Amino acid sequence: MVRRDLEARYKGSVLGNLWPLLNQIAQLLIYTYVFSFVLKVKLTLKGLPENNFTFGLWLFAGLLPWIAFSGGLIQSATSIVGQPNLVKKVVFPLGLLPLVPIVSAFIESAFGLIVLIVFVAFTSHTLHPTLALLPLIWLPQLLLTAGLGYLAAGVTVFLRDIPQTICVLLNIWMYMTPIIYPATSIPEGWRNWIFWLNPLTAIVEVYRDLIINGEVTHWGEWGVSSLIALVIFCIGLWCYRRLRPAFADVL
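Note that the working numbering gives residue 453 to position 17 of the sequence shown, counting from 1, and the numbers run on in steps of one.
It is worth saying that the hints were derived from the structure and are not from the lab. These numbers were taken from a predicted model, which means no experiment stands behind them. Accuracy of the hints is not assured; some may be wrong.
Unchecked claim - Using C-beta positions, here's what the derived DEER-type ranges look like: (1) Leu465 / Tyr611: 16 to 22 Å; (2) Leu458 / Lys524: 34 to 40 Å; (3) Leu465 / Ile671: 33 to 39 Å; (4) Met437 / Leu633: 50 to 56 Å; (5) Ala568 / Lys525: 37 to 43 Å; (6) Leu575 / Thr653: 17 to 23 Å; (7) Ala568 / Asn521: 38 to 44 Å; (8) Pro565 / Lys525: 44 to 50 Å; (9) Leu458 / Leu633: 32 to 38 Å; (10) Ile466 / Glu651: 25 to 31 Å; (11) Phe558 / Trp655: 39 to 45 Å; (12) Cys603 / Ala462: 43 to 49 Å; (13) Arg439 / Val527: 40 to 46 Å.
Using N, Cα and C, we set each Cβ at its ideal position, and we do this for glycine too.
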C-alpha cells in the first residue's frame, strides 16, 4: 500500500518521486534567503565554516523531520474518509490506513536526509559515527505522527473540519519549534517549556546533534519526547479503535 501510494502521488509526471526532494529544497532556499540573507541570522557550528551554506545545512536538518511529521499527519487525517470502499470491507485491517501516508512521508524525507548527510560529509570532511543513532530519533517521530494521525483520522469521519484545523495548528506549531531559528533565540523563561513540553523540539535538536554536530547534547529532552510520543500514540490508537466500529455507517 505504501508503494502504491508513492507511485500514485506522482504518476504521469516527468520527475516522478524526485518531486518530494525538490519541494524540500525549495523550502530550504526560501527560509535560508529570509533568515540568513535578509534577517542576518548567524550560527557557529563546530567543524563547519560560518557562512550561509552552513546555515542552510543546519536549517535543512530541522526541516526534514518537520516535513515528514506535518505531511504525514495532514494526509493521514483524510485516510479514512478518502477510501470508503476499503472501510466497508469487513476483512480489511483498517488500522493500516492512517499509517500508509505517514510511512510514505517518512520515506520521502529520507531522500532529503541522504542529500543532507552527503553535503555535511563533504563540508566537514567526515562522517559522524552518531549517524548510527538515527533510528533512536525516528522512533519517537513515528510514534508521535502515528498517534496524532490515528486520532485525526478517526475524528475526521465525524467532523470534516479536522484537516483544515490541523493545517492551522501546524502553522502555529512550526513557529513554536526552533526549526528556522536557533533555540538560543528563545527567551530563557520560555526555553525550558519549549524543550520539555514540545516533543518536536527535542526531535529537531537531536537530528542536528546526530548529523551536524556529531555529539548528542539533548539526551534528557529526547527521553521526555519519547515518553510523550508513546503516550500520544497509545491515546490516539485507543480513540481510533473506539471510533472504528462506526466508520462504515457514517461513510
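Comparing the hints with the structure gives:
no. : hint                        : in the structure
1   : Leu465 / Tyr611: 16 to 22 Å : holds, 19 Å
2   : Leu458 / Lys524: 34 to 40 Å : holds, 37 Å
3   : Leu465 / Ile671: 33 to 39 Å : holds, 38 Å
4   : Met437 / Leu633: 50 to 56 Å : violated, 34 Å
5   : Ala568 / Lys525: 37 to 43 Å : holds, 41 Å
6   : Leu575 / Thr653: 17 to 23 Å : holds, 19 Å
7   : Ala568 / Asn521: 38 to 44 Å : holds, 43 Å
8   : Pro565 / Lys525: 44 to 50 Å : holds, 47 Å
9   : Leu458 / Leu633: 32 to 38 Å : holds, 34 Å
10  : Ile466 / Glu651: 25 to 31 Å : holds, 30 Å
11  : Phe558 / Trp655: 39 to 45 Å : violated, 28 Å
12  : Cys603 / Ala462: 43 to 49 Å : violated, 19 Å
13  : Arg439 / Val527: 40 to 46 Å : violated, 21 Å
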